[in-house]
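Trainee: Given these sequences and hints, build the entire structure.
2 protein chains.
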Amino acid sequence: MDLLNEIKTRGTMVDGAIQNLMPIGEPDELYRAMRYLFDAGGKRLRPAALILSTEAVGGNPQDVIPAATAVELVHNFTLIHDDIMDADNLRRGLPAVHVKWGISGAILAGDTLYSKSFHILSKTNADAERMVECLTLMSITCTEICEGQWTDISFEKRNDVSEAEYMEMVKKKTAILYAASCKMGAILGSGTPAQAQALWDFGRLTGVGFQIYDDVLDLVTPEDVLGKIRGSDLMEGKQTLIAIHARDSNVKLDVFGKRDAAREEIDDALKMLEDSGSIDYARTTAHNFVAEGKAKLSILPESKAKDILLALADYMIERKF
Amino acid sequence: MDLLNEIKTRGTMVDGAIQNLMPIGEPDELYRAMRYLFDAGGKRLRPAALILSTEAVGGNPQDVIPAATAVELVHNFTLIHDDIMDADNLRRGLPAVHVKWGISGAILAGDTLYSKSFHILSKTNADAERMVECLTLMSITCTEICEGQWTDISFEKRNDVSEAEYMEMVKKKTAILYAASCKMGAILGSGTPAQAQALWDFGRLTGVGFQIYDDVLDLVTPEDVLGKIRGSDLMEGKQTLIAIHARDSNVKLDVFGKRDAAREEIDDALKMLEDSGSIDYARTTAHNFVAEGKAKLSILPESKAKDILLALADYMIERKF
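Chains as they are written, first to last, in this note's numbering: chain A, 4 to 324; chain B, 4 to 324.
Each statement offered as a hint is correct.
Listed next, with one range per pair, are the computed distances between beta-carbon atoms: (1) B:106 x A:287: 30 to 40 Å; (2) A:90 x B:29: 24 to 34 Å; (3) A:27 x B:91: 24 to 34 Å; (4) B:321 x A:159: 42 to 52 Å; (5) B:163 x A:27: 18 to 28 Å; (6) A:255 x B:105: 24 to 34 Å; (7) A:27 x B:168: 11 to 21 Å; (8) B:307 x A:89: 50 to 60 Å.
Since the hints were derived computationally from the structure, they do not count as laboratory data.
Glycine included, every Cβ here is placed at the ideal spot set by N, Cα and C.
Mentor: Spelled out as structure tokens, the structure:
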């Protein structure tokens, strides 16, 4: 199976629908700001997970394209507002929305995407009961993403973040949108409640694994592959599972929070984190989450879509960037 | 009839429900930021309009309290983000949310209120068809509010804004949430489509009247009553119906956009705007909108709630601040 091609096939369905679902309206500059990140690309992992979940419970992928578009737009909305908060000026190799349209423009572009997502979701072909379930799920999901982002920001002022707190933050900030995408796909595909729950758990567990593995990649990936400075999480003093494990193992990292650290210092820190087993610990934890997530799909009938979802889970912790 | 008491009675229903519908959750500081403006007060005009609309079509006000709370929280969300964009540091006599919790905190508090509003709306006692209609209406409404805010900001860079453009902006930025509140009240109260449409039009037209009259008050109200500097719209160079009428009448206002104008200059401008008929024009226009809005309610059966709605419409252009 060519996993990336299978994902791309589903992503293309969303790409083809955006012009119809969210055309450039008035004021046109607002709509250009809203479409900017979507048009800039992205892997479309969340729409793909939603569409594959529909297929895995026997539903028709064509019916859920608006819902798949909606979760991608929610993702875009979080990126736009997060980039303001984190003062990140680059996204997908382009100037961030707030760099191009100012802080006010970026706040409004994000806000409008937010409400458009609900509106586009409501255009999905489904009976009213399932639609209420999906719209409610979307609202709860967005609330939890915001809670996760707030917690992540609050971590910046602390050096006593526990592993449990980190896990809870990652679940909300990153994993919950995967979980909701999978569950919505199941609901809209007329899956059973047990199937919807299994796909929710699958999205949540593999989503956590995805984020933990992301923290590993930040340290071990060559910079030309990573596209940003290696060890940036360390230099920013970010609370990651690796940093928490190191602290609990009494590893003293001089580069932690040192924004002007030299490459040699990062290399030294990497060596220390390898010796302390912190990197292996994060890698193993990510693997365990993904394995647990994959096991949840055992209740689904065999299908090509199920195989792709399982391969997508592996991809989350095997990718190179 | 004691109009303000009737509004307060409905507002109190929402005040009494907030602790149950949106308790201080985790992270508690996020929830405190979200509750801050709500707890600071406000007239609760939108929740009152929603509840009265339910009553006016024969529905039970107790059934729509979550929906009424939701529209107030959407209003709070727009205030929080608007205050960031407009760099307004005071709101309801208190430091704005972004002053107390920083820009990031205010962005997130607004975002979370946004999704909570949809979630709380979904808790309203209604069949799935009506619920989908309300959730969809809310999403379209929020999109239009954002479009109106974007347009309003874009007016700052222009001096050729037409009356039609101003009207369209006010409709979206201010009136649409009144329209949606009234229509949701009708839908949830099991009103007919014609009743829902009439209440939508009522909210839209009186909402436009409300905003135009607000611009008049900014100029003519004594400062100790207004609670802010008189003529602030003029000094900020804001495009209002008054400013547009004056420009079209070839009135040259030296204070327009002059942020350090003295009180005497404002008084001179006020005199010129009275002589040119610009203030009377705005006042008359506001009255006409309200009269047109009230006429829409003729299809409703006689009831106390209808009388209160009609009185509320008059209040919008007769209030002193």
